[in-house]
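There are 2 protein chains.
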Amino acid sequence: MAQNATRYVAAVDLGGTKTLAAVVAPDGHVIARHKARTPARQGEERALETIAVCVERAIEASGLPARRIEAVGIGLPGPLDPDAGIVKIAPNLGWVNVPVKETLEARLRKPVFIENDANAGALGEHRFGAGVGVSEMLGIFVGTGIGGGIILDGRLYHGFGKVAGEIGHMIVQVKGPKCGCGNRGCLEALASRLAIVRDLTEAIAEGRKTILTKMMSAKKLHAIRSSLLAEAFHKGDKLTVKVIKRAANFCGAGVASLLNLLNPEMVVLGGGVVEALGEDFVDLVARAARKCTFEVTFEGVRIVPAKLKDDAVLLGAACVAFDRLG
Amino acid sequence: MAQNATRYVAAVDLGGTKTLAAVVAPDGHVIARHKARTPARQGEERALETIAVCVERAIEASGLPARRIEAVGIGLPGPLDPDAGIVKIAPNLGWVNVPVKETLEARLRKPVFIENDANAGALGEHRFGAGVGVSEMLGIFVGTGIGGGIILDGRLYHGFGKVAGEIGHMIVQVKGPKCGCGNRGCLEALASRLAIVRDLTEAIAEGRKTILTKMMSAKKLHAIRSSLLAEAFHKGDKLTVKVIKRAANFCGAGVASLLNLLNPEMVVLGGGVVEALGEDFVDLVARAARKCTFEVTFEGVRIVPAKLKDDAVLLGAACVAFDRLG
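Chains as they are written, first to last, in my numbering: chain A, 1 to 326; chain B, 1 to 326.
Rather than coming from a laboratory, the hints here were simulated on the basis of the structure. Possibly wrong hints are sitting among the right ones.
You can't tell identical chains apart in this list, so a pair holds if it fits in one copy or across any two.
To be verified - Taking lysine to any residue and the SDA-like style, the derived pairs with C-alpha atoms no more than 20 Å apart in a straight line are:
| id | residue 1 | residue 2 |
| --- | --- | --- |
| 1 | LYS245 | THR210 |
| 2 | LYS110 | ILE86 |
| 3 | LYS110 | THR17 |
| 4 | LYS220 | ILE204 |
| 5 | LYS175 | LEU221 |
| 6 | LYS235 | ALA203 |
| 7 | LYS209 | GLY94 |
| 8 | LYS18 | ARG324 |
| 9 | LYS162 | VAL134 |
| 10 | LYS291 | ILE89 |
Fair warning: this is a prediction, and the values are worked out from it, not measured in the lab.
Using the sequences plus the hints, can you model the full thing?
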């Protein structure tokens with residue numbers, strides 16, 4: 001192999017429902033990919049084995065000799081220790097203190113590096129998406145929950161205990177609605193898909209009319225997809241518009257806090273809810289944020305939609321692998 | 001002058017009521033100081049001249065030849081541009097776009113460097129106070145308002161537009177009480193001395209009993225000093241205890257947001273309210289913060305009272321001068 005041959009890594013996005021693997025070039029080009037259903041809550045061994053198999057399949061599909069893939073980067077949920085390669089807690093997967101790095105290095109015989117998925121998503125957007133060239137950038141991903149990642153001085157910020165970036169758990173409404181984390185009034189409890197669905201369900205139970213109940217049975221509403229929410233929103237369904245505007249206002253308050261606090265150059269908004277609702281949602285958030293921010297703080301700040309969609313975490317995980325390889 | 005002679009700087013803390021100047025050694029030792037009343041809202045020329053005179057008097061009092069004082073560092077309110085040396089807005093002083101650096105360099109014939117006062121306070125505590133040796137530290141100063149400063153990787157964090165650190169303007173209660181900044185529900189509107197006084201005044205107007213009305217006339221309550229608040233609190237006055245606990249809870253929610261977001265090693269609490277109430281207030285804040293923070297995020301975090309009291313801004317301003325001199 002020539003000294004200057006292109007280096008490749010495998011990247012993995014381990015989600016609650018699907019496991020995505022790819023072979024990625026240093027310029028972010030995806031050579032090949034493989035996808036499988038995540039065996040969540042069936043023990044960590046099965047989930048880790050699924051990762052390993054997805055990586056192997058992606059490498060096979062790339063047509064590259066396995067030795068050309070120099071490392072594996074994995075984006076996955078939960079507070080984790082990126083140096084030790086251990087996931088501390090991941091409630092969605094049912095994990096506690098899982099040694100991902102050690103287990104998969106033994107299995108795949110390559111260096112394995114892990115990163116929190118929202119952090120990886122922010123890093124992906126920074127290197128290959130909306131935030132290229134920006135020094136201070138925040139990534140906020142509004143989906144079932146709300147995750148975030150902080151880029152300072154062009155690098156992912158981890159903090160003292162390496163668990164920084166929990167933007168979804170900033171408190172924007174003391175004594176507000178209960179959050180999945182056990183606390184009250186977190187941004188996630190007010191502006192995530194689950195919060196939107198909760199507000200819709202409550203309003204429907206109180207007799208509010210909405211086309212949503214024609215689009216699906218009220219009982220199934222808890223599992224409504226962001227795309228259906230977006231359809232009702234864009235059709236101008238009054239209840240949906242009201243509830244989503246409310247969520248966007250809370251999200252804007254969270255962004256305002258972040259701007260007043262960290263004064264970044266750019267805020268990138270991604271995740272299922274933002275993708276489905278598009279620029280409309282981003283505009284609502286930006287307008288709400290502007291109202292609650294000092295004029296000097298808002299000067300020159302850009303609040304923009306994410307560009308990489310489903311690939312943000314995957315490409316961020318690839319960046320982690322390339323960076324750690326050195 | 002010998003090459004290795006100690007270098008000195010002059011440091012200034014420009015407050016809304018008093019202007020404090022000192023000659024400071026690199027180890028934080030204050031050689032001499034001079035104090036004057038700040039001529040606030042009487043035009044920037046008079047305030048800047050007061051700074052110049054205080055610096056000259058402090059130098060005289062130090063007994064050092066003026067040439068041994070190599071620069072002047074100034075901590076002062078308002079969003080400002082530390083590189084250009086311009087204060088953008090300082091409502092308390094009535095300033096808009098004041099060229100502090102240029103004006104005082106011409107007047108004092110020494111390099112002049114400026115820094116936001118809360119940033120300077122955080123820097124002072126980091127170098128010479130509670131946060132020595134800590135890599136990620138937040139300084140929160142609860143007084144008439146709430147100011148903050150962020151130390152990351154051992155250095156003051158400024159952000160893209162150089163106006164980061166406005167911890168008092170994180171929104172902890174969307175649609176909450178009106179803040180001086182024009183917004184609603186900022187931490188400052190819920191946990192500052194002004195917020196505490198507002199809550200007390202409202203309760204008294206509603207007929208609530210308190211020893212405060214025996215300590216001073218209700219009309220003068222708006223100007224109550226933190227020391228009197230502390231006296232009523234420590235005497236167990238029910239209303240005062242309730243209102244201060246409420247403020248501490250909001251402050252704790254703000255600290256929790258900061259911990260979840262930035263995962264620092266230490267939070268230093270200072271300012272008039274904290275100094276007057278002492279460890280009691282710090283404990284209340286820490287307990288409230290712990291309740292709203294992930295266990296892994298709280299691990300090893302220290303929430304402590306400031307050490308430098310009135311000298312935090314002054315010594316931070318000295319650090320700015322030494323740092324910028326190189």
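(message) If you test the structure against every hint from before, which numbers come out violated?
(response) 3, 5, 7 and 8
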